[in-house]
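Protein chains: 2
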Amino acid sequence: MISKSEIKSITQLQQKKYRDTRQLFIAEGPKVISELLLAGMEVEAHYDTAPTHILKENYYQVTAQELKKISCLKTANKSLAIFRKPTSAALVDSGLIVALDAVRDPGNLGTIIRLCDWFGVNQLICSEDTADCFNPKVIQATMGSIARVAVHYVPLKDTLQSLSLPIFGAFMDGKNVYDGTLPSQGILVMGNEAHGVSAEISEVIQERISIPQFGSQTTESLNVATATAILLSEFRRAIER
Amino acid sequence: MISKSEIKSITQLQQKKYRDTRQLFIAEGPKVISELLLAGMEVEAHYDTAPTHILKENYYQVTAQELKKISCLKTANKSLAIFRKPTSAALVDSGLIVALDAVRDPGNLGTIIRLCDWFGVNQLICSEDTADCFNPKVIQATMGSIARVAVHYVPLKDTLQSLSLPIFGAFMDGKNVYDGTLPSQGILVMGNEAHGVSAEISEVIQERISIPQFGSQTTESLNVATATAILLSEFRRAIER
Chain X
-3 MISKSEIKSI TQLQQKKYRD TRQLFIAEGP KVISELLLAG MEVEAHYDTA
47 PTHILKENYY QVTAQELKKI SCLKTANKSL AIFRKPTSAA LVDSGLIVAL
97 DAVRDPGNLG TIIRLCDWFG VNQLICSEDT ADCFNPKVIQ ATMGSIARVA
147 VHYVPLKDTL QSLSLPIFGA FMDGKNVYDG TLPSQGILVM GNEAHGVSAE
197 ISEVIQERIS IPQFGSQTTE SLNVATATAI LLSEFRRAIE R
Chain P
-3 MISKSEIKSI TQLQQKKYRD TRQLFIAEGP KVISELLLAG MEVEAHYDTA
47 PTHILKENYY QVTAQELKKI SCLKTANKSL AIFRKPTSAA LVDSGLIVAL
97 DAVRDPGNLG TIIRLCDWFG VNQLICSEDT ADCFNPKVIQ ATMGSIARVA
147 VHYVPLKDTL QSLSLPIFGA FMDGKNVYDG TLPSQGILVM GNEAHGVSAE
197 ISEVIQERIS IPQFGSQTTE SLNVATATAI LLSEFRRAIE R
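Heads up: the sequence lines are chains X and P, in that order.
For the first sequence, this note's numbering gives the first residue as -3, with consecutive numbering after it.
For the second sequence, this note's numbering gives the first residue as -3, with consecutive numbering after it.
Honestly, I wouldn't trust all of these hints.
Claimed, not checked - A few chain X residues that face chain P, going by a derived Cβ cut-off under 7 Å, partial list only: (1) D113; (2) G116; (3) Y149; (4) F167; (5) D169; (6) K171; (7) R204; (8) T222; (9) A225; (10) R233.
Don't read these hints as lab results, they were simulated from the structure.
All values derive from a computational prediction rather than experimental measurement.
A virtual CB, placed ideally from N, CA and C, is assigned to each residue, including glycine.
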């Protein structure tokens, strides 16, 4: 039986300010929760409609009705857990890094984190106006990848300037990414869904790259998550050869 | 003023059976509607909260309240239009073609249609259990690309067997797509979100390809839309060189 105040305390975590103050976040569904547990994330409380053997402490069996009250999903999915936010290690000036300049959609951010994980990118730098990676929608979209990708919210321009890695940015009018070879280390900057990379951040980009368009010229630009997929693949195929 | 029967007649188009019988579909928002008009799609009726100059016939000014009643969106977006489904040309056995085997999510299908448009793929073949491309959610996600990509719903295996183009399929255990060069013409088969390419369709695949994974091996597979983005880019970069 979950008390009213407990329900309130849990659902408050749907808001960033409470996640920030309490350093906690919500994950839902057996698959995402078990991925986070496997990755060694620290669990604060686990609510499940079935008895479970994974955890003993902080485990509470709940009814489907109770789960519905604490869930952020349209259709609650068997279990919900409250995790402690990981303490990020310091940013390391090496490897391949993705940087996001005001990416606002939680679904896009979640997909990008999952892509980083697939392509072995373990550092993601976000401008302070990028969506919060501990937003429940992002956590669901990452499918557990959040446990393996360190996300840093920083003043983006200053941070980019403080790093020695070469800085690439995705632009509609950049150099054709299929020409030449990308380095195995560097920073790939992706811009906002509607406006692309901002003027402020553009100033620190060293190489503007672009995915050539083969279809009609009236087409919308590629979605930021699909463009990130293609560009990360381009960086990695260079290593493969 | 829209009558109750008119509201019913419009909202019925949210269901596939009515779209099929009446050969009509819904598009919403000024951007998507103007893309479809520009592409020469035939409009049946246009409801707008503002006076418009684009169309004279079949144009109805509505209140925000009325628009809300006919909209499929959470937040109705200024205008809604009913278009006539285009009559597809016959499938042509040349060029680069994408084939979908039971892709169920409308958002994924919409993203894939937009990718086809970007990469100049103007024929998309779908198994009969793939999501309907005239579903309002797909139309919104395509951002008008549906006007430039012909989508064919067919018995997939028979159709693939009837074409002479080489057939590639995306598999977790396929040949590394970064090794070797892809041809400029062929069929790329992408499978269902949860199960990948079905056993039935696998029988007609001539080359199994795969996007190498660089991160942790516990990661989920790539989402079907992001995997399609990367593989289409691989087919096109071959032409570029």
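Structure-inconsistent hints, enumerated in ascending order: Numbers 3, 4, 5, 6, 7 - these are the hints that the structure violates, sorted from lowest upward.
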